[in-house]
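**Student:** Spelled out from the first residue to the last, the chains are:
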Amino acid sequence: MTATATTPAASTSVIPTLEVRGMSKSFGSVQALIDVDFEVRDGEVMALVGDNGAGKSTLIKCIAGIHPADSGEIFFDGEPVTIHGPKDAVSLGIEVVYQDLALCDNLDVVQNMYLGREAHDQFQRLKEPVMEAKTAEVMKGLAVTTIKSIRQTVATLSGGQRQSVAVARAVLWNSRVVILDEPTAALGVAQTRQVLDLVARLAEQGLAVVLISHNLHDIFEVATRITVLRLGRSIAVYEREKTTQQEVVEAITAGTTSKVPGMARIAPEELT
Amino acid sequence: MSATPTTEPDAGRDRGRMALEAFSRSWLFVFLLLLLAFFWLSTPSGTFLTSANLSQIALSTSEVVLLAIGETFVIVTAGIDLSIGGILFFAAVCGGKVMLELSGTNAQVTAGVYPHATRAVLLGIVVALAAGTFWGAINGALITRMRLPPFIVTLGTYGMTFGFGDLLSGGTYLGAPVPTSFSHNFGQGKGLGIYYPIWLALVVLIVAHVFFRYARFGRYTSAIGSNDEASRRAGIAVDRHIVKVYTLAGFLAGMAGVLDLAIYTNTTSVSHLTDNLNAISAVVLGGTSLFGGVGTVLLSAVGAFIPTVLTNGLVIKNVQPFWQEVAVGATIIFAVYLDQLRRRRGGEGR
Ligand SMILES: Nc1ncnc2c1ncn2[C@@H]1O[C@H](COP(=O)(O)OP(=O)(O)OP(=O)(O)O)[C@@H](O)[C@H]1O
Ligand SMILES: [Mg+2]
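Those protein sequences? They're chains A and B, same order as listed. Per our numbering, the first sequence starts with residue 1, numbered consecutively. Per our numbering, the second sequence starts with residue 1001, numbered consecutively.
Quick caveat, the hints were computed from the structure, so don't treat them as lab data. Accuracy of the hints is not assured; some may be wrong.
Cβ-Cβ distance ranges computed for the label pairs, FRET-style [as the list claims (entries may be wrong)]:
hint: 1; chain 1: B; residue 1: 1190; chain 2: A; residue 2: 128; range: 55 to 65 Å
hint: 2; chain 1: A; residue 1: 242; chain 2: B; residue 2: 1214; range: 35 to 45 Å
hint: 3; chain 1: B; residue 1: 1192; chain 2: A; residue 2: 128; range: 26 to 36 Å
hint: 4; chain 1: B; residue 1: 1030; chain 2: A; residue 2: 148; range: 50 to 60 Å
hint: 5; chain 1: B; residue 1: 1147; chain 2: A; residue 2: 75; range: 33 to 43 Å
hint: 6; chain 1: A; residue 1: 123; chain 2: B; residue 2: 1021; range: 24 to 34 Å
hint: 7; chain 1: A; residue 1: 28; chain 2: B; residue 2: 1147; range: 16 to 26 Å
hint: 8; chain 1: B; residue 1: 1147; chain 2: A; residue 2: 70; range: 17 to 27 Å
hint: 9; chain 1: B; residue 1: 1337; chain 2: A; residue 2: 146; range: 27 to 37 Å
hint: 10; chain 1: A; residue 1: 128; chain 2: B; residue 2: 1146; range: 32 to 42 Å
hint: 11; chain 1: A; residue 1: 128; chain 2: B; residue 2: 1203; range: 22 to 32 Å
Using N, Cα and C, we set each Cβ at its ideal position, and we do this for glycine too.
Using the sequences provided together with the hints, build the complete structure.
**Tutor:** Shown next as structure tokens:
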């Protein structure tokens, strides 16, 4: 695999772990995605950036099988695949940590980690000790140390801890691709630190990581490459080492488009 | 961030929350004990707190326990089933009709002779269970397929089940009691000193508890009630599970209908008008949250005793038993208020 994926020379010769070609998706009259190309490779952090409503969340929901795409192809390890539902994506090893986290507040950490994939015997009996031990192991492997008990309900955790649970859940399943939608959006400085370290660690472990964020500072810290979406189109891919924040910002806003009337969009919290 | 500066206020809040938790978990038992003590002290000795009377209370609670078990699963999914009382009645009418039709000619049955009692009773039981299951499945299908709120769907089927039931029964009791052997051998029969219907309710309760607590079925029920979108994304077939849960509630209501025939040998709609109230109050008294996600099957069964103890005690005290409905109505409001209080306190931790 690609232990040296951070060097562009090594990564260009590699088949992308996940590749999307020409994906389009509309919601009624809203064209959320138009002919989008996107890829991510093993051991790299691919940042996905764009203004509010650019289509970032929609792209990953199409990849994860939440929304059916109108058109486009998905390749996994170079092979064409079809993803009809969350189960298909999961069985390929694609895990998503959603912007709205999607944890069950009333369930505890272990229950959330295994939600929908509980370990059980032939009598349907849940194997709690097994799940508990594995959860503890994964938390330790990711150096998530701030959670006092993995048997406390998720409702009692801080934002950063909840985020850690969501990320840990994504790596519990020998996943190949982990997609994180704005994992640090609601976090303070220290908790953002925790999560960024976690993201870097995932890539170090050889996973293909997709990171969506509005914070270019964070992105320039952990990303290998940066894909820019604007108004539903993929307009550029930059290598972190060969670009500047200035250049990326210009690509996101396209310099002049921000002056176009009607570009002021819906409040961010309305978009997921 | 260091934890030190935040420990002080947290500790105070935690203590408050723990006290509230402890109270909301134990007040049901305290309430039940107080109720028993009150009736014991305020009735002539040898009337209320006798083993015969307590068995009677338990016997009349067995139907509510079955209803409350199904209702617990429904409420934990953040739904509500207002129709189970009607389903119980409809199932009892269907089962009773079959039992009467098949057990003998009209003349024989009215004379209290049932030549084919066993066959008739067995088929009647099957029909009652099927009728309950059918209505439960209808509820589930309407809620998931047509995206209608459970409150409205089950309110609608509440009306329909009572209406159809009364149409079948002519609005009064069935023409004759169902075969008396059914009551003799099962409904009013005892094994190891305990009425068979109580045994049945107990077995169902334990099985339901195990599935709720230790199997995926229960885990998914809680997950859906906690966050249905998260459950969907985790790959749980949310709609299918919801249909199963309402079908289960319908099936258990059908079973309660069978018990109704077994215990009382007959049925009528007026005696089931408050079943929903009793079952739902049992569930919320047991600490299951109307907001979904959290609940306990076992405690719902404890809560099921409140309405029957009230009715029984008031009858012995010669007080109009309608006060029971007033009291149960009031406690249901109190229990939900308590739940909300707990949620608000719990919510601060987020
Ligand atoms: N379920 C939906 N139904 C209708 N329109 C939708 C839906 N989801 C997204 N959209 C629309 O698609 C467009 C892209 O939305 P999307 O959520 O993908 O943006 P985003 O890049 O993730 O934005 P943000 O940075 O605010 O999260 C927006 O115009 C949005 O209104
Ligand atoms: Mg988004």
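**Student:** Now look at each hint and say whether the structure bears it out.
**Tutor:** Structure-based check of all given hints:
1. 1190/B <-> 128/A: 55 to 65 Å: violated, 38 Å
2. 242/A <-> 1214/B: 35 to 45 Å: At roughly 56 Å between Cβ atoms, residue 1214/B and residue 242/A fall outside 35 to 45 Å, so the hint is violated.
3. 1192/B <-> 128/A: 26 to 36 Å: holds, 33 Å
4. 1030/B <-> 148/A: 50 to 60 Å: violated, 31 Å
5. 1147/B <-> 75/A: 33 to 43 Å: With Cβ atoms ~36 Å apart, the hint holds.
6. 123/A <-> 1021/B: 24 to 34 Å: Given about 32 Å between the Cβ atoms, the range holds.
7. 28/A <-> 1147/B: 16 to 26 Å: holds, 18 Å
8. 1147/B <-> 70/A: 17 to 27 Å: holds, 23 Å
9. 1337/B <-> 146/A: 27 to 37 Å: Holds, at about 35 Å.
10. 128/A <-> 1146/B: 32 to 42 Å: holds, 37 Å
11. 128/A <-> 1203/B: 22 to 32 Å: holds, 24 Å
Checked against the numbered hints listed earlier, the structure breaks hints 1, 2 and 4; every other hint is satisfied.
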